[in-house]
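Q: First to last, the sequence lines map onto chains A and B. If you're matching positions, the first sequence starts at 1 in this note's numbering and goes up one per residue. If you're matching positions, the second sequence starts at 1 in this note's numbering and goes up one per residue.
Certain hints may be false.
[To be verified] A short, non-exhaustive set of chain A residues, derived as facing chain B with CB atoms under 8 Å:
{"id": "1", "residue": "45"}
{"id": "2", "residue": "318"}
{"id": "3", "residue": "319"}
{"id": "4", "residue": "332"}
[Claimed, not checked] Computed list of lysine to any residue pairs in SDA-like fashion (alpha-carbon distance at most 25 Å, straight line):
{"id": "5", "chain 1": "B", "residue 1": "314", "chain 2": "A", "residue 2": "141"}
{"id": "6", "chain 1": "A", "residue 1": "300", "chain 2": "B", "residue 2": "118"}
{"id": "7", "chain 1": "B", "residue 1": "247", "chain 2": "B", "residue 2": "334"}
{"id": "8", "chain 1": "B", "residue 1": "334", "chain 2": "A", "residue 2": "297"}
{"id": "9", "chain 1": "A", "residue 1": "300", "chain 2": "B", "residue 2": "26"}
{"id": "10", "chain 1": "A", "residue 1": "272", "chain 2": "A", "residue 2": "141"}
[Claimed, not checked] Just so you have them, the derived chain B footprint on chain A, three or more residues with Cβ under 8 Å:
{"id": "11", "stretch": "138-151"}
{"id": "12", "stretch": "302-312"}
Note that these hints are calculated values from the structure, not bench results. All C-beta atoms in this analysis are idealised placements derived from N, C-alpha and C, irrespective of residue type, glycine included.
2 protein chains.
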Amino acid sequence: MAGGVGSRFWPLSTPEYPKQFIDILGCGRTMIQMTVDRFKGLCRPENLWVVTNRSYVETVRTQLPQILPDHILAEPAARNTAPCIAWACWSIRNEDPDANVVVTPSDAVVMDPVEFRRVISNALQFTADKEAVVTIGIKPSRPETGYGYVETGTGAGGEILSVSEFKEKPDIDTARKYLEKGNYLWNAGIFVWNVKTITSLISSYKPGIAKDMDEIISTGDVETIFPACEKISIDFAVMEPASKEGKVFTHPADFGWSDLGNWASLHDKLPKDSDSNAAVGQVSFHDCKDCIVHAEDARKVVLQGLEGYIVSEKNGCILVCRRSEEQRIREFSK
Amino acid sequence: MAGGVGSRFWPLSTPEYPKQFIDILGCGRTMIQMTVDRFKGLCRPENLWVVTNRSYVETVRTQLPQILPDHILAEPAARNTAPCIAWACWSIRNEDPDANVVVTPSDAVVMDPVEFRRVISNALQFTADKEAVVTIGIKPSRPETGYGYVETGTGAGGEILSVSEFKEKPDIDTARKYLEKGNYLWNAGIFVWNVKTITSLISSYKPGIAKDMDEIISTGDVETIFPACEKISIDFAVMEPASKEGKVFTHPADFGWSDLGNWASLHDKLPKDSDSNAAVGQVSFHDCKDCIVHAEDARKVVLQGLEGYIVSEKNGCILVCRRSEEQRIREFSK
Numbered sequence: 001m002a003g004g005v006g007s008r009f010w011p012l013s014t015p016e017y018p019k020q021f022i023d024i025l026g027c028g029r030t031m032i033q034m035t036v037d038r039f040k041g042l043c044r045p046e047n048l049w050v051v052t053n054r055s056y057v058e059t060v061r062t063q064l065p066q067i068l069p070d071h072i073l074a075e076p077a078a079r080n081t082a083p084c085i086a087w088a089c090w091s092i093r094n095e096d097p098d099a100n101v102v103v104t105p106s107d108a109v110v111m112d113p114v115e116f117r118r119v120i121s122n123a124l125q126f127t128a129d130k131e132a133v134v135t136i137g138i139k140p141s142r143p144e145t146g147y148g149y150v151e152t153g154t155g156a157g158g159e160i161l162s163v164s165e166f167k168e169k170p171d172i173d174t175a176r177k178y179l180e181k182g183n184y185l186w187n188a189g190i191f192v193w194n195v196k197t198i199t200s201l202i203s204s205y206k207p208g209i210a211k212d213m214d215e216i217i218s219t220g221d222v223e224t225i226f227p228a229c230e231k232i233s234i235d236f237a238v239m240e241p242a243s244k245e246g247k248v249f250t251h252p253a254d255f256g257w258s259d260l261g262n263w264a265s266l267h268d269k270l271p272k273d274s275d276s277n278a279a280v281g282q283v284s285f286h287d288c289k290d291c292i293v294h295a296e297d298a299r300k301v302v303l304q305g306l307e308g309y310i311v312s313e314k315n316g317c318i319l320v321c322r323r324s325e326e327q328r329i330r331e332f333s334k
Numbered sequence: 001m002a003g004g005v006g007s008r009f010w011p012l013s014t015p016e017y018p019k020q021f022i023d024i025l026g027c028g029r030t031m032i033q034m035t036v037d038r039f040k041g042l043c044r045p046e047n048l049w050v051v052t053n054r055s056y057v058e059t060v061r062t063q064l065p066q067i068l069p070d071h072i073l074a075e076p077a078a079r080n081t082a083p084c085i086a087w088a089c090w091s092i093r094n095e096d097p098d099a100n101v102v103v104t105p106s107d108a109v110v111m112d113p114v115e116f117r118r119v120i121s122n123a124l125q126f127t128a129d130k131e132a133v134v135t136i137g138i139k140p141s142r143p144e145t146g147y148g149y150v151e152t153g154t155g156a157g158g159e160i161l162s163v164s165e166f167k168e169k170p171d172i173d174t175a176r177k178y179l180e181k182g183n184y185l186w187n188a189g190i191f192v193w194n195v196k197t198i199t200s201l202i203s204s205y206k207p208g209i210a211k212d213m214d215e216i217i218s219t220g221d222v223e224t225i226f227p228a229c230e231k232i233s234i235d236f237a238v239m240e241p242a243s244k245e246g247k248v249f250t251h252p253a254d255f256g257w258s259d260l261g262n263w264a265s266l267h268d269k270l271p272k273d274s275d276s277n278a279a280v281g282q283v284s285f286h287d288c289k290d291c292i293v294h295a296e297d298a299r300k301v302v303l304q305g306l307e308g309y310i311v312s313e314k315n316g317c318i319l320v321c322r323r324s325e326e327q328r329i330r331e332f333s334k
């Protein structure tokens, strides 16, 4: 899934060039390239699919030349994750009715790809021949209010546990309780299932979307049908009802995952100097503390006397902003 | 005089592109272009001379195409202002032994060029036919410690006063006393004289420099002779001894002069918003106060939560620095 638009990292990310297409960690690979990289050995290149907004198709082709051209699904409009995933899964079933599928966002970071492959392999084995969906559950390291949670139930074989309930983003007190109780995991939005299961579940819970997908596959008329699809997330459309039927499981995982949803999480993942400053680019700090800087394009950045600031530069735009005010960056970018 | 090198405004100014060649006020003209502009009606283009370091000759030609090519004097080495002025005046005398001369730095700002022309005209009339030098004395608006002062004496005709003494940059207490006393003016480094006077004074006080200049004019061997000249300022070489002989005068002036020697003086000269932020470029301020921003190249700059900072961008380099620490910018630029 590579359709996200966002300006939370402006000017680093823009609607023209959102986060998944940016080398946000400064490691020479964009987020979507790293996402594909971590499937090496799990999935052959000819079995990769990308669903994205049509305005990003050229960018996907350039960044991921190994993807077959007809495996890049170009959404004419954003309809949230259920139609996005449905279109991909219907298309995959059309090529291979027995396919095992991993669905993943393309803008998250995984620090330990070896562990990632081990976890995903387990989940794929688990879902290969049962009507079960697995959502990867990240072991929480802090009472995070920015993620949804899954409440785990009993063991289901190996490391896999049943999911008793999906929980939306909690407030801080609730998040603290989840952490204390110990049987709550972050919902990373990474799903594993076989294509028979997901198409059958969507057909049960969202017959309208299933009908739309049958038509798209038979007529090819994405242009008319897709924008008229119900706009709904996969969590609401499938995960919640399926969990009530005992069909949802989770594989607890600890592979250094972060959705890099904000500057704080980027600061968290980057190496820091002794004053807790993190930088991508040629940056020198003087009397600075707790700063996070991303300035890949700049030849040289000199910062003096900044404590707890974000400094970001891209394509001739510059942002300096207190870290405590980062939720206002979207407004600033307009 | 356009030989200055400086990184006080880094990254705006650099040794490759010092302040005189920069559009520091964001008005579409560089400092040296504005300096020449303000002589319109006072001096014909073919009578303009520029002394600069040889590495800046191309920049001078580009920015001032109206200057005759052999009126750009290219110093092979910096020898301070006395040899610089001597070379220009010897060259001018060679073309016109009766020339009246104005010497000016090329990196100062004058907000009222009409008043500038009036003052300079008065001074030129005064010096045309006497052995007198006039230094323009700026009426001080604050106890500035960054400038030299002249102590004025008695009236000498019109607005012109005698100079009883030159004073080097004072400490703050002394500067306050000067301001109280009322008969002290800032020495702007703008001099008016006729060419016979200055060549004769240099010959008296600095016969070595005079001999070097005679040789440069007769042999053209700038390359060997100029770098061996005595390295001394015109103030020490001529003004101080001449003032003891009663040959130095000043024209008090109030034409919005500033040498723009630091970010504070630039902040002073630029228009400011209601929070005292000044900007050159496409800058938007949020919760900012007393900031000074120069970002001509940037497409868009967004600043949040900065109080009393300098933000400067040029040619892919970015500086953010507390205004109180601006004296460290040179060190940062290395």
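Q: Hints first: check each against the structure and report whether it holds.
A: Each hint, compared with the structure:
no. : hint             : verdict
1   : 45               : violated (37 Å)
2   : 318              : holds (5 Å)
3   : 319              : holds (5 Å)
4   : 332              : holds (4 Å)
5   : B/314 with A/141 : violated (42 Å)
6   : A/300 with B/118 : violated (45 Å)
7   : B/247 with B/334 : violated (44 Å)
8   : B/334 with A/297 : holds (19 Å)
9   : A/300 with B/26  : holds (22 Å)
10  : A/272 with A/141 : holds (19 Å)
11  : 138-151          : violated (count 0)
12  : 302-312          : holds (count 7)
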